[in-house]
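There are 4 protein chains.
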Amino acid sequence: MIVIMKIGYTQEELERVIARIEEAGLRTHLSVGESTTIIGVVGVPIPPELQSDLEVVDGVDSVLRVTKRYKLPSREFHPEPTKFKVRDVTIGGDEVVVIAGPCSVESAEQTLSTARAARAAGASILRGGAFKPRTSPYEFRGLGEEGLKILAEARAETGMPIITEVLTPYDLDLVSRYTDILQIGARNCQNFLLLEEAGKSGVPVMLKRGMSVQIEEWLSAAEYIMAQGNPNVLLCERGIRTFETATRNTFDLNAIPVIKRLSHLPIFADPSHGTGKWYLVPAMSLAAIAAGADGLMIEVHPNPDHAKSDGGQSLTIENFNKLMPQVRAVAGAVGRSVAAEAVPV
Amino acid sequence: MIVIMKIGYTQEELERVIARIEEAGLRTHLSVGESTTIIGVVGVPIPPELQSDLEVVDGVDSVLRVTKRYKLPSREFHPEPTKFKVRDVTIGGDEVVVIAGPCSVESAEQTLSTARAARAAGASILRGGAFKPRTSPYEFRGLGEEGLKILAEARAETGMPIITEVLTPYDLDLVSRYTDILQIGARNCQNFLLLEEAGKSGVPVMLKRGMSVQIEEWLSAAEYIMAQGNPNVLLCERGIRTFETATRNTFDLNAIPVIKRLSHLPIFADPSHGTGKWYLVPAMSLAAIAAGADGLMIEVHPNPDHAKSDGGQSLTIENFNKLMPQVRAVAGAVGRSVAAEAVPV
Amino acid sequence: MIVIMKIGYTQEELERVIARIEEAGLRTHLSVGESTTIIGVVGVPIPPELQSDLEVVDGVDSVLRVTKRYKLPSREFHPEPTKFKVRDVTIGGDEVVVIAGPCSVESAEQTLSTARAARAAGASILRGGAFKPRTSPYEFRGLGEEGLKILAEARAETGMPIITEVLTPYDLDLVSRYTDILQIGARNCQNFLLLEEAGKSGVPVMLKRGMSVQIEEWLSAAEYIMAQGNPNVLLCERGIRTFETATRNTFDLNAIPVIKRLSHLPIFADPSHGTGKWYLVPAMSLAAIAAGADGLMIEVHPNPDHAKSDGGQSLTIENFNKLMPQVRAVAGAVGRSVAAEAVPV
Amino acid sequence: MIVIMKIGYTQEELERVIARIEEAGLRTHLSVGESTTIIGVVGVPIPPELQSDLEVVDGVDSVLRVTKRYKLPSREFHPEPTKFKVRDVTIGGDEVVVIAGPCSVESAEQTLSTARAARAAGASILRGGAFKPRTSPYEFRGLGEEGLKILAEARAETGMPIITEVLTPYDLDLVSRYTDILQIGARNCQNFLLLEEAGKSGVPVMLKRGMSVQIEEWLSAAEYIMAQGNPNVLLCERGIRTFETATRNTFDLNAIPVIKRLSHLPIFADPSHGTGKWYLVPAMSLAAIAAGADGLMIEVHPNPDHAKSDGGQSLTIENFNKLMPQVRAVAGAVGRSVAAEAVPV
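Residue numbers (numbering that gives the first Met the number 0), protein chains in the order written: chain G, 0 to 344; chain Z, 0 to 344; chain U, 0 to 344; chain W, 0 to 344.
For the record, the hints were derived by calculation from the structure and aren't laboratory data.
Incorrect hints may have been included.
Which copy is meant is left open, so a pair is good if it fits within one copy or across any two.
To be verified - Subject to a maximum C-alpha distance of 30 Å in a straight line, what follows is the list of computed DSS-like cross-link-like pairs (lysine-lysine): (1) K5 / K67; (2) K199 / K67; (3) K84 / K148; (4) K148 / K70; (5) K67 / K84; (6) K5 / K321; (7) K5 / K82; (8) K70 / K199; (9) K148 / K67; (10) K148 / K5; (11) K82 / K67; (12) K321 / K84; (13) K82 / K148; (14) K199 / K84; (15) K84 / K70.
I would like the entire structure built from these sequences, with the hints used as guidance.
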C-alpha cells in the first residue's frame, strides 16, 4: 500500500499518518520527491480496512493498493492452469468444451430433443435452467425440481454431464443432488453467502461475471468459493453493462486473455447472454475461442419463437449445427480441438 | 408492444408474425408507412416472453415494449405518494428524514456514542450494519446478532428506530425481530428470493439501487416486494458504476426526480456510498435534498480513521454536526423541513 | 511514479528497470516488502511517455502515476478561486450566475423574446447556438453569422453578455468578434487545436465536459487553453454516458464538489443537456446550486414544441419564471445569492 | 416514429398531438389498446426535430424513432459490401488486410525499420502518426510534415500504402498530399466539420469509433463523410469507455458483427488502442478476425520501451512476427486469407 501525501502537508500530519500505520503493526518507507511525498507501507498482513481508514487522515491525498485483493485464484499463487474432470469431460485442458442447451427446461420433450441434437453436433455438456432469475415477478421462473429431473433424464440418455443454475442457498442441496456443475449467475456473482455455500458443497462451480463487476472483483468472488476448500471453479464471461444499446450487454472478450494472465482458473464465454441477439452468437463464439476461451456456453432451442425465456438469443438446432464445424476450425487454428466429436447419439 | 418489420420483408413473413401474435391470444394493428411497416400488438395480457420470441421470427427487425414492466410501484397505478410510519417517524411525508450511523456496528460504545450524537444533531433513524457484504472474504463481516442487540440497545436509549441490512433469507427472521426497517443492499437489488421473503415479512423495506440497475429494473425489483402484500417500500439511490474514477461510484441524483415522476414510493439518497469520499458527502447531501429526496442516509463514525469498514466515506461527528443545519436550510428552501429537531438526548 | 514489480521478478530485470529510469535522468527509490517490490521514481521532470514505456519492460507488473497530469488548473498551483468579469457579470464569485436562452438561434423574434423573458426573470447571460453540432448531417445546423448578429442585437437591447458555441478553429475569429464567452461543447472537449486557438483568442472560454471524459482529463483539457495564457476558463458539467436510459445522459453533479477540491476554476452546470428532459431540469438546477455550482446554463424557448433543436429539454418561459425564485431560495440556503435581480427589462 | 400517450391522457391532448404531427405535413395512425394508446407517424420526410418537439406536448409519455438515422452507410440502401482499392490493396474484400507500424513517426530509422519488418511479416499497409492528439499539452505531438515525408519514404521503399491521422481541417490538404488513407481518430469521430472536409477530399477515410459513441451514432458520423460524395469509408473499432480498469478501454468486438449486419462498409479492429496492453494484442487480434473483421491495425515498434507514445500497447517486431502466422491460421479457419504474403522486402 502506498500513501500519497497532499502537496503542502505538515510534518505533524506526516507523523500522524506514520503513527497510524505503525499502530497496525506495520512499518513505513518514506520517499520524499521533488513534487510528491510517498509513504510505502511495509509488512504483512495489511488489515483490509487500513486503506479506507487512511483516506480520512489529514494531509493524505490518496491511498493506493499495490497488492492484489485475491490470492487463491491468482497465477502467482498457482502457476499451472487448473484442470478438473466433470464425469469424463475435462475442463481447463487443451480441448475446448462446448456447453449447449435451452435457457429454461420447459418440458421433457423440449429438453431431450435439444440434448440429442447438441450431443450429435459435438456439445459435451448440457445446460438448462430449472430455477430462473427474472427481472419481473410475472415472468416464467422455471420448473424447479421437475426441471432437474428432466435434466437428469437427458444425462442418462445422452451421457452428457449437466449444468444448471442455483439461485439460493436453500436450493443448494437439492440442485447438488442432480447437477454436475453448479452455475452461479451474473446477478449472484457477489452473493457471498451463496458463494461460500457452493464452495462447501464440493461440486464444481461455474461463476459468471456480474454485469458491473470488475475483473479483480470477480476473482475476489471466486476466492469466496475456493476459500471453502473447493478448487474446481470455472469462470464464465457473459457481458457487462455499458452505454451501447445495439447489444443487450457488451460481451467483454478482453476478459479472456486478462483472466488467463491473472489466474489459473478455466475461463468460458457465453455469447448468448453476452450479446443477447441470436444473430451475433456465431461470430462471437468463434471470437471467444480465438481469444483463448476454454469453452463456450450456448443457448439452443428447438423452437426459439416459442421459448419461455430468452428466445431472442437462442440458436435453432439448425444454426447450432452450422456453427459447430466453424468452432472446430477456429479451435484448430489456435492449436486446440473440440472435446467431443460430432457423432449422432 | 410494437414489431418493426425489416425493410424488404415478404408478405409471407408478415403473415407469420401476425399468426404468432394471434396464437398468443392477441390482436394486431398494421401500419404500413412509406419506409417502415409496424405491427402494433393489441390485447392483454401480453406474455412476457413474447418480445424475445418475436425477435427470432424471419422478417422482424426489432420489437419494442411500450408499456412499463412494473405496476404496483407506478404513479399511474397509485397517484398519491406513499407514506408510512416507522415507530413515530413518517417516511415519504413533507418532512425530510435523516438516517445516520456507522457503516458497521463495531461495539456498543462506538454505536451508542454515534447514536447519541446523531440524535442530538437531528437524525431520526439509526443505521448500522450487523451483517456486512464484503468484496473479499478476508474483510470484516459484522458482529451478527450481537450487532443487532447493540442496535436495539441504542434504540432503547435514544428512541430512534433502527435500520440494518439483511443479506440472506436465512437471516430474515432474526433481523426482523430487531430492526424497524430491513435494508436490502445494492448487491441484492435483484436477489429475487430475498425480495420476496422481505415482502412476506411485512417489515418496511429500504431497497437500494444496484450498481448497474436501470431505474425501470429497480422499480421491477420493488414489485417483487410489493407483490407479496408489503406496500411499505422506500427506495435509496447509492451510486452507479461508470467510467469515472474520481468518485467510487457515480451518485446519480437524476434518479430522484425520475422516481418521483414514475413512482409513488419514497426515495432516499445515500451520499456516503454514492460518492465513497467523506469530503463529498456534505455537498451531495444538500444536492439530494434540493433534488427532492425524501431523506438521507449518512455514515457517521466517532473515529473514521479506525473504522472497521468504509472509514473513508464516513463523516466525523463534528462534520455531521456542521452539516445538519445546512440540510435544514436547503430543506427549507424547497418547502420542507427536517423531521427531527436538533435537541440533546 | 511508482513501478510495481511482478512477484518472482529477477535481479536482472530489476536492474534493467532501474537503468531505464536512470537513462531518463531520474533517480530511483527501492522498497522491498514482504510481498511486493516497488520502485519509486524520483526527480523532475518525468517524461510523459515513461509510464507507458516502463509497462513493456520484463518483470514489471504495473506502473502508477502519483502526480496529477495538469498543473495550471490545479488548486495546489493556485489556491484562490478564479474570478473574472464578463462585461459587468462576475463569474466565479459569491453570486450564482444564470445563463439562459434557446438551444439554437432560430430567428430574431424567437431570440429577442427569450432574452427579454430571461432577463426579466433574473438571468445574467444569454445563450444561443449559431453553429450547431448535430449527430446526423440532415439536422438543423444553425444560422451561422446571421445567428451571431441576432445575439448581438439581443445583447444591445437587454444588456446581457452573450455566450455561443464555436465549433472549429475556422470560425474562431468570427465568433470572437461577437461573443463575450466562447463555448466549447462536449464533443470538442478534447479537440486540442480548438482548445489552443481558443486559448490564444483571449476571450473567456466555457469548457463543457465530454461525454466520456474523466475529471482529470477535463482539467488536462483546460490546461491546453490556459497554457496559451488565457486564465479565464469556466468549466461546465453537462452529463456523461452511462447504461441508464431514463435520462439522455447521466448528469454528474459529483463533478461539482470534486472540481472545487481539485481546481480553482469556476464550475457551472447545464441540467438541460445533463438530463435531456425538460421535466427534470428544475429539480436538477436546484441540486446543482446546492452542490456548489457557480452558475447554471438552462435552455429556454418560447415554443419548445416548435424548436428546431432540443425542444424536449427546453423550459417554457413560464416554467423558467417558476424556477428562478426557487433557485434564489436554494442559493440563499447555501449562503449565496443570484447575480441578477428579477426586474422587467 | 411512434408517440406513446400517457395513461389518462385527455381527448384534447390527443388532438393537439395529432395536430402538431399534421402541421409537419405528416399523417397519423391511431392505435387505442387496452392499456396504451399509440400514434404512428406516417409520411416522409419526418423533420429530425419532431421527436424532441413532441416530447414536450402535454399528454405525451414518450416518442420512439423506428427508422434509422443514417442512410448511405446502411445495408438496406446498399446491400453489397463496399470494396475499394488503396493502391494495389483491396479493402473490404475476402482477404484480411493488416495495417502495422509505430504509434508515432519518431525518426526515419525507426519508421523504416518497422516498415521493413512489417512488410516482411505480411502487413499490407503502414501506419504512423505525424500529428498526434494528446491528453496533456506537454506530451509528444508528432513530427508534422517531417513525419509525413518519412512515411512517404517508407512507402517508396516498401511499396506499402500509408495511413496517417488528420487532426484538423487545416491539415487536410497537407496530409492528403502524402497519405493513401486519412485516419480520423476516436476523439474526432463526431467532429463534423472534419468529417465533411475529409469527405470532400476524395481520399479514402478510416473512421475510428469514439470512446462513447454508440454504433448508430458512428454510422451517422460516416454519413457525414459519404454525403460529400466519398464512398470509400472504412470503420475501425478501437475500444469504448466502461467501468473496467484492467484494460485501458473495453475493446468492443461485438461491434464487428453488428456493423456487418447494419452496414456495407468494411470494418477493421485496432487491438492496440482497444486494450491498451501489448500482452493482450495477440489474443484480441485473433478474436477480431474470428469475429469477421476485414482487417487489423496493430502498433509495432522496434523498441517499445523507448517509444515516444504508447509504448505500453506496442508489439515488438519479434512479437509481431510471432503473431502473423496465427492471424493467417485464424483467417483460414473462417474462410479468408491474409492479403499479403510473408516475404522479405
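Cα distance capped at 30 Å. Does K5 pair with K82 within a copy, between copies, both, or neither? Between copies only: 25 Å across chains, 48 Å inside a chain, cut-off 30 Å.
Is it within, between, both, or neither for K84 and K148, if the alpha carbons may be no more than 30 Å apart? within (22 Å within a copy, 47 Å between copies)
If the cutoff is 30 Å on CA atoms, where do K148 and K67 land: within, between, both or neither? Let me know, please. Classified as neither: same-chain Cα gap 42 Å, cross-chain 35 Å, threshold 30 Å.
Intra- versus inter-subunit Cα pairing at 30 Å for K148 with K70: neither (37 Å within a copy, 35 Å between copies)
Between the shortest in-copy and the shortest cross-copy C-alpha distance, which are at most 30 Å for K199 and K84: within, between, both, or neither? within (18 Å within a copy, 42 Å between copies)
Since the copies are identical, ignore which copy is meant and state whether K321 and K84 lie within 30 Å (CA to CA) inside a copy, between copies, both or neither. within (28 Å within a copy, 33 Å between copies)
How would you classify K148 and K5 at a CA-CA limit of 30 Å: within, between, both, or neither? neither (63 Å within a copy, 41 Å between copies)
Reference check for the pair K70 and K199, CA-CA at most 30 Å: within, between, both, or neither? Classified as within; 18 Å inside a copy, 39 Å across copies.
Is the C-alpha distance from K67 to K84 at most 30 Å within one copy, between copies, in both cases, or in neither? within (29 Å within a copy, 45 Å between copies)
If the cutoff is 30 Å on CA atoms, where do K199 and K67 land: within, between, both or neither? Let me know, please. within (24 Å within a copy, 41 Å between copies)
Intra/inter-copy verdict for K82 and K67 if alpha-carbon distance must be at most 30 Å: within (23 Å within a copy, 44 Å between copies)
How would you label the pair K84, K70 (within, between, both, or neither) given a Cα cut-off of 30 Å? within (23 Å within a copy, 47 Å between copies)
Hint compliance for this structure: hints 4, 9, 10 are not met, and every other hint is.
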